[in-house]
Amino acid sequence: MTTAVAVAPAHSRRRTYPLGWWGMVVLIMTEAMIFAGLLGSYFFVRAISPTWPLDHIEPPELARISLFTVVLLGSSVPIFWAESGIRKGNQRRLRIGLLLSFLLGASFMVNLAFEYEELHFGVRDNAYASLYYAITGLHGLHVFVGLLMNLIVQIKAWQGKFSASRHLTVEIFGLYWHFVDVVWIFVFSSLYVSLHIP
Amino acid sequence: MAIVEERPVEEEEVEHELHEVWEDAPGIPGFFATVDHKRIGMRYIYTAFIFFFIAGLQALFIRAQLTVPDAEVVGPEAYNQLFTMHGTTMIFLFNTPVLAGFGNYLLPLQLGTRDMAFPRLNAFSYWVFVLAGIFMYTSYLVGAPPDGGWFAYLPLTDKVNSPGLNLDFWGLGVIFVGISTTVGAINFIVTTFKLRAPGMSINRLPIFVWSILAMAFMVIFAVPAVTLAAALLESDRLFGTAFFDTARGGSSLLYQHLFWFWGHPEVYILFVPAVGMISMMIPVFSRRALSGYVWAAGSLVAIAFISFGVWVHHMFATGLPALAMSFFSAASLVIAIPSGVLFFVWIATMWQGRVRWTTPMLFSFGFLLIFLLGGLTGVMVSIMPFDWQAHDSYFVVAHFHYVLNGAVVFPIFGALYFWLPKMTGRMLSERMGKLSFWMMFVGFNLAFFPMHVLGLFGMPRRVYTYARGLGWETLNVVVTVGSFLFALGTLLTLVAWVQSRTRGAPAGDNPWDADSLEWAVASPTPHYNFRAIPVVNSRHPLWDQEPLPEASSGDEEATRSLGTPGALDRATPITTGLDAAAEETMAIPRETYLPFLLALGLAVFFTGLLVEALVVGVAGVAVATLGLLWWAWRTEADLV
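Residue numbers (numbering that gives the first Met the number 0), protein chains in the order written: chain A, 0 to 197; chain B, 0 to 639.
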């Protein structure tokens with residue numbers, strides 16, 4: 000014989016995070032480890048090399064990428080703005096915020112393509128070159144995937160599928176996008192800034 | 000909480016309706032589309048065991064070759080392929096997935112919920128695993144099995160020294176199967192934190208759940224390193240990059256660091272869930288609660304942490320700075336402390352209880368003895384001077400078989416006898432089980448104990464034969480006899496399984512009088528697991544809560560899926576992370592082909608890389624991306 004028991008629901012003042020949010024957080028942890036591994040490899044090879052960059056390769060210039068670093072990090076701001084908008088049910092802010100972020104992210108990708116075009120070294124030249132392309136390439140891939148995700152969220156947003164109470168997709172995408180931006184800070188400092196500090 | 004009257008229900012009608020809601024489509028469509036954690040879990044276990052027997056066969060070929068000096072059973076090339084694929088299969092395609100299988104099947108049941116947090120991802124991780132396994136084994140069909148050892152050190156494995164496809168099968172396969180492990184770990188973590196029966200606060204988790212949680216976190220932080228190692232290796236091989244090419248400023252030592260940064264936690268990724276199983280079985284057959292639950296759970300978490308600080312002890316012979324090596328040597332010694340605590344937890348449990356010598360208990364006890372020896376030799380090889388002496392000798396082979404075969408495979412076999420009755424509804428023969436245990440136990444020690452001695456006598460690992468007159472002849476014969484005895488013992492368990500399918504005694508709900516929630520439901524488990532979610536207020540619900548209270552559905556979103564209406568709705572409650580109070584309702588998705596298609600896309604992509612055919616690779620990426628987009632498009636995450 001079993002007894003049926005009525006269970007009281009949790010009464011928390013703060014909203015707790017749903018499954019998808021947790022899933023994305025754990026995914027980000029493991030992704031962060033991949034970047035940590037790559038940057039660790041970069042510094043490992045750098046530490047055992049007589050010169051850096053190897054073979055006196057001319058590293059990419061700092062000024063332009065600094066500008067686009069601001070662009071990429073800036074692309075997180077419209078996401079915050081869009082999120083706080085949809086929390087109040089403001090569809091316009093959501094749509095414009097997503098669009099703005101997409102354009103900023105896309106321009107970062109365009110710059111990456113130009114940078115690859117103008118570099119004086121190829122991926123096979125030496126370990127420095129391979130690491131440079133691997134790290135910026137993997138990050139670029141993440142930006143690209145983020146842009147695809149943005150597209151999906153945006154289409155849903157323009158169709159009006161989100162509301163003040165239902166917009167988890169936006170938040171999960173936002174998490175991923177912020178992660179891609181934060182990783183760039185580490186990539187930027189390691190691959191660009193650190194080469195220009197005497 | 001108030002006890003309310005349960006409304007009388009039309010039993011048969013409800014059963015019929017539940018069946019409609021939960022049953023997969025029959026035949027092939029249901030086979031490829033299912034998202035049921037129980038079907039997926041059992042499939043994981045069965046598939047992994049197919050790989051187990053393949054790897055066993057490879058081991059027997061190795062032993063046949065080494066029985067006598069200058070034997071010519073297999074040539075040196077075939078021998079290299081045999082030991083490479085034996086190790087690779089046992090690590091990537093048997094131990095890791097079989098434990099994931101048990102986790103998949105048992106976790107939702109022990110937590111008291113109706114499925115995993117991401118059922119479709121769960122199906123995806125299985126399909127990736129099986130396709131990655133097939134991918135690696137197609138290497139035999141094209142006559143190019145991996146042959147660079149299971150850790151594929153450079154420069155042996157670069158394009159110059161290993162020009163064939165052999166290593167590409169290995170490198171790409173490792174990346175491929177890593178996706179499965181990672182996705183599975185995400186699922187385990189979120190399920191453990193968010194889908195628990197109301198009242199199952201974090202200090203009431205079954206110890207197996209703790210072990211799966213610790214394992215999943217290790218996977219999350221360790222697997223990226225091996226993915227990276229294999230990806231950079233493949234990049235060097237396929238695209239000519241210079242990561243590991245010392246001539247162009249790369250470093251082959253870097254590969255070793257990346258590989259072992261995963262490689263050592265991996266040992267614990269296998270060991271910790273096995274320990275979790277042992278810690279479930281020993282209390283049941285000692286007729287008492289685990290002595291020192293908190294110590295055991297704490298030790299599992301401590302092992303998970305410390306396991307990240309020991310990887311360099313695989314590299315003591317590479318000439319690293321002494322200070323670095325001393326640190327890693329010390330960390331390797333420290334990990335003996337939580338392992339020792341666990342050991343005393345088990346001894347104390349048996350000491351204070353009354354032991355019933357069933358088959359699972361025999362396997363657990365065998366595990367204790369073997370793990371003791373494996374642990375002690377582990378302490379020995381973590382000390383540098385001894386390690387230099389024993390490095391790359393059969394002593395090391397003996398050590399890691401004591402921990403990976405003895406301390407992981409034995410618990411898995413015990414777990415088969417313990418949990419298969421829940422999965423199939425039939426008991427396995429005790430007589431057969433005991434016979435199987437004794438043959439495996441005797442065979443194991445005959446096979447692996449003399450290897451310590453052989454190693455100290457200087458017999459190197461990975462060399463396909465040896466000369467006469469080195470004093471290794473007798474012991475090698477003993478080892479071979481032992482390994483065949485061991486193999487026979489594992490076959491007896493296969494026989495026991497086959498027998499049980501037709502002639503096994505019905506298991507009933509709780510054949511072992513065990514304490515955790517999976518034993519509260521019928522055997523085999525009904526599709527919906529729990530018609531009504533149990534309410535937990537003890538660490539041992541089935542021992543302390545008689546009768547087990549069942550939750551009834553409330554009116555709010557948080558509580559509506561607790562009772563039978565939730566099961567009829569194909570829903571399950573979401574609970575808060577620490578104290579497991581009901582907070583939301585999750586809809587369990589229906590069958591879908593998406594996970595299978597996505598995994599297939601990945602397989603096509605990796606095949607494209609393998610044969611360096613751009614079109615195939617792009618097609619694979621396209622299929623995978625489209626599948627992913629469709630998946631993202633269709634997911635109604637906003638409904639949660």
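No lab work stands behind these hints: they were computed from the structure.
If you're wondering where the values come from, they're calculated on a predicted model, not measured in any experiment.
Every residue gets a Cβ at the ideal spot worked out from N, C-alpha and C, and that includes glycine.
Any given hint might turn out to be false.
Unchecked claim - If you want the ones that stay clear, here's a sample from chain A, every Cβ over 10 Å from chain B, calculated: (1) Thr2; (2) Gly22; (3) Ser40; (4) Val76; (5) Gln90; (6) Phe185; (7) Ile196.
Said to hold, decoys possible - Computed footprint of chain A on chain B, listed as stretches where at least three residues anywhere in the stretch have a Cβ under 8 Å from a Cβ of chain A: (8) 188-195; (9) 246-253; (10) 543-554.
Hint check results:
no.	hint	result
1	Thr2	violated, 5 Å
2	Gly22	violated, 5 Å
3	Ser40	violated, 6 Å
4	Val76	holds, 23 Å
5	Gln90	holds, 14 Å
6	Phe185	holds, 15 Å
7	Ile196	holds, 21 Å
8	188-195	holds (count 4)
9	246-253	holds (count 5)
10	543-554	holds (count 7)
Consistency note: the structure conflicts with the earlier hints numbered 1, 2, 3.
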